[in-house]
Amino acid sequence: MSVLVFAEGSEGEIKKSSHEAISYAAEVAKRNNSTVTAVVIGAYPAAPLESLGKYGATKVLHVNNDKLNQPLVLPYASVVAEAAKKENADLVVLPKSSVVDAMVSRLAAKLGAGLVTNVIDLPDTSSGFKVKRSIFTGKAFASVEITSPVKVITVAKNAYPVTETGGNASVESFSPSISDDDFKVALKSVEKATGDVLLTEADIVVSGGRGLKGPENWHLVTDLAKALGAATGCSKPVSDLDWRPHHEHVGQTGVKVSPNLYIALGISGAIQHLAGVNSSKVIVVVNKDPEAPFFKAADYGIVGDVFEVVPKLIEAAKALK
Amino acid sequence: MKILVCISHVPDTTSKITFTDNNTKFNSAGVQYIIGPYDEYALSRAVEIKEEKGGTVTVLNVGEADTEPTIRKALAIGADDAIRVNAFPKDAFFVAKQIAAIAQSEKYDMILMGRESIDYNSGLVHGLVGEYLGIPSISPVMKLDIEGDKAVMAREIEGGKEYVETTFPFVAGCQEPIAEWKIPNMRGIMSARTKPLKVVEPVAVEENTKYLSYELPAPKGACKMVDASNPAQLFDLLKNEAKVL
Ligand SMILES: Cc1cc2nc3c(=O)[nH]c(=O)nc-3n(C[C@H](O)[C@H](O)[C@H](O)COP(=O)(O)OP(=O)(O)OC[C@H]3O[C@@H](n4cnc5c(N)ncnc54)[C@H](O)[C@@H]3O)c2cc1C
Ligand SMILES: Nc1ncnc2c1ncn2[C@@H]1O[C@H](COP(=O)(O)O)[C@@H](O)[C@H]1O
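Line by line, the protein sequences are chains D and F. Throughout, our numbering is defined as the position within the first sequence, counted from one, plus 5. Quick note on numbering: our numbering labels position 55 of the second sequence as 35, and the sequence is numbered without any gaps.
It should be emphasised that the hints constitute simulated quantities derived from the structure, not laboratory data. Here a beta-carbon is modelled for each residue, glycine too, at the ideal position from N, C-alpha and C. Worth double-checking, as some hints may not be accurate.
[To be verified] Chain D stretches covered by chain F per the calculated footprint, using a threshold of three residues with CB under 8 Å from any CB of chain F:
id, stretch
1, 103 to 110
2, 150 to 164
3, 181 to 194
4, 249 to 257
[Unchecked claim] Listed below are the simulated BS3-like cross-link pairs for lysine-lysine, each with C-alpha atoms no more than 30 Å apart in a straight line:
id, chain 1, residue 1, chain 2, residue 2
5, F, LYS223, D, LYS21
6, F, LYS219, D, LYS293
7, F, LYS(-18), F, LYS33
8, F, LYS223, D, LYS293
9, D, LYS323, F, LYS223
10, F, LYS123, D, LYS189
11, D, LYS21, F, LYS219
12, D, LYS64, D, LYS137
13, F, LYS(-18), F, LYS123
14, D, LYS293, D, LYS231
15, F, LYS223, D, LYS286
16, F, LYS223, D, LYS20
17, D, LYS115, D, LYS35
18, D, LYS193, F, LYS30
19, D, LYS231, F, LYS223
20, D, LYS135, F, LYS200
21, D, LYS20, D, LYS323
22, F, LYS200, D, LYS231
23, D, LYS286, F, LYS204
24, F, LYS70, D, LYS135
25, F, LYS(-18), D, LYS115
26, D, LYS91, F, LYS77
27, F, LYS77, D, LYS135
28, D, LYS193, F, LYS33
29, F, LYS223, D, LYS301
30, F, LYS30, F, LYS130
31, D, LYS115, F, LYS130
32, D, LYS317, F, LYS204
Working from the sequences, and respecting the hints, build out all of it.
Next comes the structure, spelled out in structure tokens:
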């Protein structure tokens, strides 16, 4: 079984979720006496590419083409498909990300491969190739068999730990053929919050709900997040009311997060909010209502007023360092 | 503008999820079914565009006869006609092949869908349909405007959004805040009963994934309470007991 991993990053650094995907692929390859090749698209210095060897990639295909310096869904699908064919990969592993979510089904269709997204565990290869995936927005799991010869999977964030095993990877430059058809969608501009920890990549998330009463109180959320090195999130009404940008909205209809620690401040814990956070490792809830449904899904709780409790938490978090 | 909106028929977001037949089948007893919430955003935007620019909105569902009330609801919201592909939606590949087969002959300007279905949460159908038809697919789209012969869209990305532009035809996977959900009015509900709903048989698709069994997550233990007068204790527990700091 030859394994190809799509590794992704930004500003010259590969993301942690890609390190997780390579670690995952390396374990699958090891069990099948095979090796892992990673494909990376964009301008990167040699060091972060070579260091993918640490997580188990023996080779890195580096695509450095001016037309592909920004993540573009259609050409990325074509490039990864071409890399998979070149490497005769029978398994392609991708991390979860906004570009992967949009391109992975096109990639699978190009390869005639069966595809499973949101995979949360190593495959069972004792007979056939079976993986476990999360469905019903984290409310259940399914065991799915991929029966096609070539298989594509995306690995959920935090489903497999970053594991350092190997040394350096050899870096090869790879120049795929790029078709004009793949540039029918023109990227006009990007609006991105800078300097913040990304919600989808964060190990700790601090979220605020309507209990915070208004955007003018959001420093409680951001200060606590800052003290913990966390990303900030919010409930749906908070983004509907424009207190916070839409990309921070967590839940069924928003971002699904799976950090090590999720801290909810003044959020009731409606089932649709829980759907986006229920794969977090540890959940902490601060709510003044002891009957708030969120406590049923939490590991630790404080019944109290956010305006009294959170300033103390911020002080305590600062003292942690 | 000739618009196709693909809708899934899914358990209401508050449904209790359980399985039967030795955990090989979803237990639909007592479950309320709805139009997928993302799909409803797609439908609402399609109806708005039709109202602004003229044209038609067709809804398509791949499902057995029990999905017809959900399809009628989409007609009540403002779609003009509907197609049901008479088959159980086995997986995203199967659904996408059915949609592509219909789109091939009908030549829609836009095919709008939800960013993902809320049962299987695959988020795959739009990309597959785009690939099968050889046209662009964009997802998740939070803003969609028609400007002359182009469509301008905002796509959500990590930590923000990007603006893209494309020509027709294309496929888009939609999410909020692309439009407000529309509540059907009495006239809509009445007229939905007589709007055309065509039933077609599926095309054959080679299967490459198989759902074997289901399970529920392990129940959560009790929540440990920390006294509000000493919240600093929380970090002690997170550090030394939960070991997440
Ligand atoms: C189809 C559908 C999809 C949805 N998708 C999502 C989704 O993706 N994400 C999402 O979040 N919601 C979603 N919702 C909405 C969801 O049902 C809830 O309405 C929403 O999560 C409530 O947000 P909230 O907890 O911030 O506000 P509220 O329900 O108003 O709760 C506020 C909480 O703050 C507490 N509080 C108030 N004051 C204080 C104080 N001073 N100190 C401490 N606590 C205080 C209250 O006790 C209460 O529990 C969806 C709904 C539907 C129908
Ligand atoms: N059975 C179905 N019939 C019609 N459209 C569907 C069906 N299932 C999914 N879709 C559409 O495809 C989108 C993505 O679904 P999925 O890839 O299953 O997450 C949904 O939001 C719907 O718009």
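If you draw a straight line from the CA of LYS123 (chain F) to the CA of LYS189 (chain D), is it 30 Å or shorter? holds (18 Å)
CA of LYS115 (chain D) to CA of LYS35 (chain D), is that 30 Å or under? holds (27 Å)
Would you mind confirming whether the straight-line C-alpha gap from LYS(-18) (chain F) to LYS123 (chain F) stays at or under 30 Å? holds (19 Å)
Are 3 or more residues of the stretch 181 to 194 of chain D near chain F, judged by a Cβ distance of less than 8 Å? holds (count 7)
Does LYS293 (chain D) lie within 30 Å of LYS223 (chain F) when you go C-alpha to C-alpha? holds (26 Å)
Does LYS77 (chain F) sit within 30 Å of LYS91 (chain D), going by the straight-line distance between their CA atoms? holds (27 Å)
Confirm or reject the coverage of the stretch 150 to 164 of chain D by chain F under the rule of 3 or more residues with a beta carbon closer than 8 Å to the chain's beta carbons. Three-residue rule met by the stretch 150 to 164 of chain D, so holds; n is 4.
Distance restraint between LYS323 (chain D) and LYS223 (chain F), which requires alpha-carbon spacing of 30 Å or less: holds (18 Å)
Hey, LYS20 (chain D) versus LYS323 (chain D), does the alpha-carbon distance stay inside 30 Å? holds (26 Å)
Just to be careful, I want the Cα atoms of LYS30 (chain F) and LYS130 (chain F) compared with a cutoff of 30 Å; is the pair within it? holds (16 Å)
Please verify whether LYS64 (chain D) and LYS137 (chain D) have alpha carbons no more than 30 Å apart. holds (28 Å)
Would you mind confirming whether the straight-line C-alpha gap from LYS223 (chain F) to LYS21 (chain D) stays at or under 30 Å? Judged against 30 Å, a Cα distance of about 20 Å means the pair holds.
In summary, the structure agrees with every hint in the numbered list given earlier.
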